[in-house]
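Novice: Each chain is listed here by its residues.
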Amino acid sequence: MSSTNNYILGVYDDENEVLHAVSEVKSKGIKIEEVYTPFPIHGLDTALGHPRTRLPIAAFMFGCLGLVCTQALINYTMVFDWPMIIGGKDFFALPDWIPITFEGTVLFTAFGLVTTFCISNDLYPGKKHEILDIRITDDRFVMAINVDKNKKSAADIKKALKDSGAVEVNVK
Amino acid sequence: MAGHSHFSPANVEEHFEFSSEGKKRIIYGFIAGIIALIIGIYLLSKGESGGHEVAAAGHEAANAGHEAANAGHESAGHLSGGAASHQPAAEEHYDWTNRIWANVWLNAVFFTGISVIGMFFVSLQYLAKAGWSSVLKRVPEAFPKFLYVTLPILLAVFFFKGDVIFHWMHHGVTEVGNENYDKIIAGKSGYLNKTFFIARLIGFGAIWLILWNMLRKKSLEEDIVGGTEIFTKLVRIGVAFIVIFGLSSSMFAWDWVMSIDTHWFSTMFGWYMFSSWHVTGLAIITLTVLLLKDKGYMSYVNENHLHDLGKFMFAFSIFWSYVWFSQFLLIYYANFPEETIYFLERWEGHNKIYKTSEILNILFNFFFPFLVLMTRDAKRTRIFLKIACFFIISGHYIDFYQMIMPGVVGPHGGYGLVEFGMLTSFSCAFIYVVSDELTKASLVAKNHPFLTEALHHDI
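Just so you know, the sequences run in chain order F and A.
With this note's numbering, you'll find the first sequence wraps up at 172, consecutive numbering, no jumps.
With this note's numbering, you'll find the second sequence wraps up at 1459, consecutive numbering, no jumps.
So here's chain A without its partners, still in its complex pose (with noise of 0.2 Å):
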């Protein structure tokens, strides 16, 4: 029974405290990112990032590609099979901006997954009635308050920038007789259409943070009142929002991500989203839990829960790889043309950009994670558990990347200062925004009442 602390819940308090110092690292890490995106953006508007050569092969590609069919080169700008007669057309007018609003759009559609999840995994606990969580619970608690930054930013990019991003949001892709008409986005236009998607991204937005606050507002009154009461409401809440979450989830990736690629669909798309979103969440709660225990705090979580929380890495990163590859698999075994030239792109398109990204992908995602956490005495050592949480993220943020990137921005991809200082600056807000919001309840939820089984958690 080694690791149990002489920790009495029944009186006791933490508070996160969110120093000036740590409030003015994040800032300058913030301040410095914005720099990058601004010397980036230069850089890129000079064309001096490689942009041009690569502009140009493009140009060819696209032209020999229209005319020899050939699947492969042809894929630029927000294609797939199909109806390619305006693709070269599409390709004279691209626009060096692209880049940066992909960019604003990837980071936006990654954090709020990161946030939700959040609530997600809190739910998820309630409804399970799980008990060993209760003492890190009000770490993912406070992720989705970052909904407030990225919500916005979603709705406000899609809003003015949408067209940039959506090729079904293109002028004319749905009006009969227009040069742009594209039938089968046409036959899309009864869910893909600017209005609709609005009302969902609103719509369940607001759900998410309306579920939220009543859950947060709950779960600190528990810590004044005490009792069994709340958390059977809590338990109500967590269902309500799993129930909303399944759906919206699935949506928002179609919305989101899928729709990009409009003329290519998956079946799978949705859950292999939400798994990207989860198993990242999870390793940002880790992480998250690893800092304050390095920092002095939560010295009642010890290795038992954080072997728990390696176990979920470890599961969701292979439940993550099994999505993807079934995903893969029928389509490469089928080999429809206008599946394949999904995966096509990414691999042999665009001069082969995408393909280091792809590599990694899968070995920052799958092969990585798998090895490092396969031992038990991984998942109960931090510093291995960190090496974890270094891969899943970073290779998320590629998947995520490999999954917007080539629809948007096509053979203009590439990592540069704007990627970088674009997550930097994404990154730096999330941190200040959930420590924020960690200070502003006790870090233990003192009066859950499975707090005591979870400090006597022994696996």
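One chain only, chain F, in its complex shape (with noise of 0.2 Å):
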């Protein structure tokens, strides 16, 4: 996020308060673009009214490639590329590998969904952190309305947001 003076910040201190000002700014059609609190808001998601997160699909699609990936593994190696017995049990002994069967799934499921939420998220080892407001990590929250994706003009927005109990409204 660029300071081109496109963000207009409601400071609210009390997180009752601000999930309340969500609704009732929606309410007079002004598009919120993110909410930042320094802990997890019940409810805020869906006031906000953002769509719910896909990583539960990424996390079954991941768990299914770990799945079959974990199986070529031990097929290719027990079965067909040098095929041992062990405790005198088959070639393919499918009880004994769900074990490492499951580890496999879980592996890929974890290394998967961290790394498709990095992504998904723009996070990288060394990014350079945006923070709008740095009280946003104490005890304030604060309502992020971007100007030029909204019809409303900023006198009305900053209204809005006064109206609903920011205690203080920035732009940055």
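Among the clues, some could well be false.
[As the list claims (entries may be wrong)] Heads up, simulated SDA-like pairs for lysine to any residue below, C-alpha to C-alpha not over 25 Å straight-line: (1) A:K1355 / F:H50; (2) A:K1311 / F:P51; (3) F:K89 / A:N1351; (4) F:K89 / A:K1446; (5) A:K1218 / A:G1203; (6) F:K89 / A:Y1333; (7) F:K89 / A:K1218; (8) F:K89 / A:S1321; (9) F:K89 / A:E1348; (10) A:K1446 / F:H42; (11) F:K89 / A:H1456; (12) F:K89 / A:G1203; (13) F:K89 / A:K1311; (14) F:K26 / A:M1268; (15) A:K1311 / F:H50; (16) F:K28 / F:I57; (17) A:K1355 / F:G88; (18) A:K1311 / F:T53; (19) A:K1355 / F:A93; (20) A:K1311 / F:I57; (21) A:K1311 / F:G63; (22) A:K1129 / F:K89.
None of these hints come from the bench; they were simulated from the model.
Could you fit the two chains together into a complex? Lean on the hints.
Specialist: What follows is the structure, encoded as structure tokens:
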């Protein structure tokens, strides 16, 4: 986010107030870009109308991939490439492989999810953080509105934020 | 924040009404179960339910197995590897009524588990100081009432027909020089003897009921008095129960189920049976809540609470699978004959009559709940929850069937009218007793300190 003065920030000092403010500001036809809070607030996602995350679908896919890869690895090494008799069982001893298949599934899911999450949130090692207001890491709740993406004028937006209980309104 | 009700807990009570119409239906169901049972018993006595052929095959298999020492086929009656010299003799004396007693035992153990899990669930919620469950805690709280029915049945069956169910109770197995003498069982007689068994059953059963009565009484008192003092007392009762239950559920697993196959043992068994009981109990709690909601009660229980119940069922289905598989994998891998016989008997033994159940056991208790309850939406949708409940409850009946039947009746088992009738009668009795207990208190624990939190539950 570059500082081209196109963000209006409403700063709130209470979690319930910001939750109510979200519906109030939205009811005036103003599109909210994001709300920044020091801790998760129940019901905020629903109030903002964000679509539900699709990470669970990714998790399922990565799990399936892990299942297939682990099975492929064990089958290739233990059945085709270098068949070994272990404990008098068949070469294809499925029960023996369930623990490692489970581990492989979990491993792929975990790494896959973390990577997906970082990519989808534009996070990478060494990223310089753009914090709109340093107090969102402490005790303030900040509602960010992008003026360019709204039809209302900046003055209207500022007034709406004030009316909804913002303790201060800044432009950044 | 969808689904929030405008329900004020302060002065609201909701009473479940057990209508005379409902009572009549359940009594008719019970009578139908009894009739099916009587017809089943009649057919069994005539040997018309395919019992004769199977029995004959069993005879041959037992005799052939005796010579060939083929473990898979030798497994008749109460066996498990080792000293099988008395097996063919025991086979000759097979009494067709054994299957009836095995069924009584099966259902009594199954429903004891469901009932006591009601108490366990409430205790666990108090122990964890969980808020969300306070809206529905009156449902599991009513379950242990049925222990008054099942515990005496267990005691009576053990007292009068124990030798039918337990190999270790056969005459003379611990007596040196007796033709039935069995060294392995004699070595276990310090734990597995009639007096100690009855002492455990009555002792722990009484403690369960005393703690439940204390919890119930305090919980009802809270409705009148309010405040937080009673809550801390309930936490203490919950902690006491969890400690007792941790010990007693394992011991009852060895006593009631594992000792049927007296020679066999598994160190996982206590957990295995507990996990089976627990997930069944959770499914019954969920189903009861859903049915009450269908009747228009408990409007304050919203999809967030159902989601939590769904997560519980999902997690503990996987937990059961984990325990079942851990038990299986170690035995399969080590491949000691005296341990492997247990699974061989259920897979290939007894003319493969238990193989279908064993496959259904895994499908119903792992794959179906796992796939049905996987997504968030499924856990928040009533119909999916009901489907999962159906699979879990019937699946764990099959699970207990697999634990008990092969050991007690061996090749004479099967799914017939006796099984159907017995299960129907027990279910109707359970529904009747629990519904009756539900009427005795408000469905919402209106002075529970966490009730407001639970009403705003949002996940």
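Novice: Compare the structure with each hint and give your call.
Specialist: Cross-check of the supplied hints:
At roughly 50 Å between alpha-carbon atoms, K1355 (chain A) and H50 (chain F) are farther apart than 25 Å, so this suggested pair is violated. For a cut-off of 25 Å, the pair hint linking K1311 (chain A) to P51 (chain F) stands: about 22 Å separates their Cα positions. Proximity of K89 (chain F) to N1351 (chain A) is assessed by CA-CA distance (about 24 Å); at most 25 Å being required, the pair is judged to hold. Of the pairs offered as hints, the one joining K89 (chain F) and K1446 (chain A) is violated, with about 60 Å between alpha carbons and a cut-off of 25 Å exceeded.
For the hint pairing K1218 (chain A) with G1203 (chain A), the CA-to-CA distance comes to about 23 Å; that is within 25 Å, so the pair holds. With a CA separation close to 8 Å, the supplied pair K89 (chain F) and Y1333 (chain A) stays within the 25 Å bound. Between K89 (chain F) and K1218 (chain A), the direct Cα distance comes to roughly 57 Å. Violation of the 25 Å bound is thereby established for this hinted pair. Our distance criterion of 25 Å between C-alpha atoms is met by K89 (chain F) and S1321 (chain A), whose separation comes to about 22 Å.
Note on K89 (chain F) and E1348 (chain A): the hinted pairing holds, with a Cα-Cα distance of about 18 Å set against a maximum of 25 Å. Under the criterion of a C-alpha separation no larger than 25 Å, the hint pairing K1446 (chain A) with H42 (chain F) is consistent with the structure, at around 24 Å. Distance hint between K89 (chain F) and H1456 (chain A) is unfulfilled; the C-alpha atoms sit about 55 Å from each other, more than 25 Å. Proximity of K89 (chain F) to G1203 (chain A) is assessed by CA-CA distance (about 46 Å); at most 25 Å being required, the pair is judged violated.
For the hint pairing K89 (chain F) with K1311 (chain A), the CA-to-CA distance comes to about 37 Å; that exceeds 25 Å, so the pair is violated. Of the pairs offered as hints, the one joining K26 (chain F) and M1268 (chain A) is violated, with about 56 Å between alpha carbons and a cut-off of 25 Å exceeded. At most 25 Å may separate the alpha-carbon atoms for a hinted pair to count; K1311 (chain A) and H50 (chain F) meet this at roughly 24 Å. For a cut-off of 25 Å, the pair hint linking K28 (chain F) to I57 (chain F) is broken: about 34 Å separates their Cα positions.
Distance check on the hinted pair: K1355 (chain A) and G88 (chain F) sit about 23 Å apart at the alpha-carbon level, within 25 Å; holds. This hinted pair checks out: K1311 (chain A) and T53 (chain F) have alpha carbons roughly 19 Å apart, not beyond 25 Å. For the hint pairing K1355 (chain A) with A93 (chain F), the CA-to-CA distance comes to about 20 Å; that is within 25 Å, so the pair holds. For the hint linking K1311 (chain A) to I57 (chain F), the alpha-carbon distance of about 17 Å falls within 25 Å, and the restraint holds.
Taking the CA atoms of K1311 (chain A) and G63 (chain F), the gap is about 19 Å. The hint holds against a cut of 25 Å. Only pairs whose Cα atoms come within 25 Å are accepted, and K1129 (chain A) paired with K89 (chain F) is rejected, the gap being roughly 48 Å.
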